[in-house]
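Hey, can you work out the whole structure from these sequences and the hints?
Letter by letter, the chains look like this.
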Amino acid sequence: SQTIHQWPATLVQPVGSPLSLECTVEGTSNPNLYWYRQAAGRGLQLLFYSVGIGQISSEVPQNLSASRPQDRQFILSSKKLLLSDSGFYLCAWMDTNTEAFFGQGTRLTVV
Amino acid sequence: DAKTTQPTSMDCAEGRAANLPCNHSTISGNEYVYWYRQIHSQGPQYIIHGLKNNETNEMASLIITEDRKSSTLILPHATLRDTAVYYCIVISNSNYQLIWGAGTKLIIKP
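Those protein sequences? They're chains D and V, same order as listed. Under the working numbering, think of the first position of the first sequence as 1, with each following residue one higher. Under the working numbering, think of the first position of the second sequence as 1, with each following residue one higher.
These aren't lab readings, by the way, just hints derived from the structure by calculation. C-beta: ideal position from N, C-alpha, C; glycine also. Certain hints may be false.
Said to hold, decoys possible - Listed next, the stretches of chain D that the computed footprint assigns to chain V, with coverage defined by at least 3 CB atoms under 8 Å from CB atoms of chain V:
1. 31-40
2. 87-93
Said to hold, decoys possible - Simulated restraints, written as ranges between beta carbons of each label pair:
3. D:Ser-29 to V:Ser-92: 18 to 28 Å
4. V:Glu-14 to D:Lys-79: 48 to 58 Å
5. D:Pro-18 to V:Met-10: 34 to 44 Å
6. D:Ile-53 to V:His-40: 30 to 40 Å
7. D:Leu-83 to V:Gly-15: 43 to 53 Å
8. D:Ser-58 to V:Met-59: 13 to 23 Å
9. V:Asn-30 to D:Val-15: 36 to 46 Å
What follows is the structure, given as structure tokens:
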């Protein structure tokens, strides 16, 4: 069966520090992968999506970046975090059957 | 921009049917209507999806209008645990962007 792993679940980082959030999927190949951010009380904001290894599309200009080094691995990064980067980050994948599956999310607090 | 519009919030009495509307007037012929819900600080949970026929599963029913420009998610007997934000989105296998709206905050009241 398909599963998605996202870690860590919570993270507290100082301003200016780097960030690396990892997401891996199992039980499927060549999925479309997504990173979302959700601010408190708001909907999901699409940050990045990837349709294949090394293929990244950015939806929102920011100081975050994404990479897909392997077919089932999607990484969200930042060189220097800002206070405004705090939020709830979700990784998702979609297969050819069009259903989207979500990780359990990472609660990031930048202090 | 999201391709769906939903009311910001709704209330429903426990035990009654909750009917959540969604407009998707620009939906394409190859796009499915999907419903998800998100309980606070968790990943969205799949509920149901459909193309043009009405669908029913153990969680809910989905009614899609004949012109496919709108749909309604029905929770037949709402419980307090159904309190969540409900998202209606349209998805196709070429809709790589997978953009979501703000959803409807459904509050079930005892």
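Going down the list of hints, with the structure as the test:
| no. | hint | in the structure |
| --- | --- | --- |
| 1 | 31-40 | holds (count 3) |
| 2 | 87-93 | holds (count 3) |
| 3 | D:Ser-29 to V:Ser-92: 18 to 28 Å | holds (20 Å) |
| 4 | V:Glu-14 to D:Lys-79: 48 to 58 Å | holds (49 Å) |
| 5 | D:Pro-18 to V:Met-10: 34 to 44 Å | holds (42 Å) |
| 6 | D:Ile-53 to V:His-40: 30 to 40 Å | holds (34 Å) |
| 7 | D:Leu-83 to V:Gly-15: 43 to 53 Å | holds (44 Å) |
| 8 | D:Ser-58 to V:Met-59: 13 to 23 Å | violated (34 Å) |
| 9 | V:Asn-30 to D:Val-15: 36 to 46 Å | holds (45 Å) |
Of the numbered hints given earlier, the model fails hint 8 alone.
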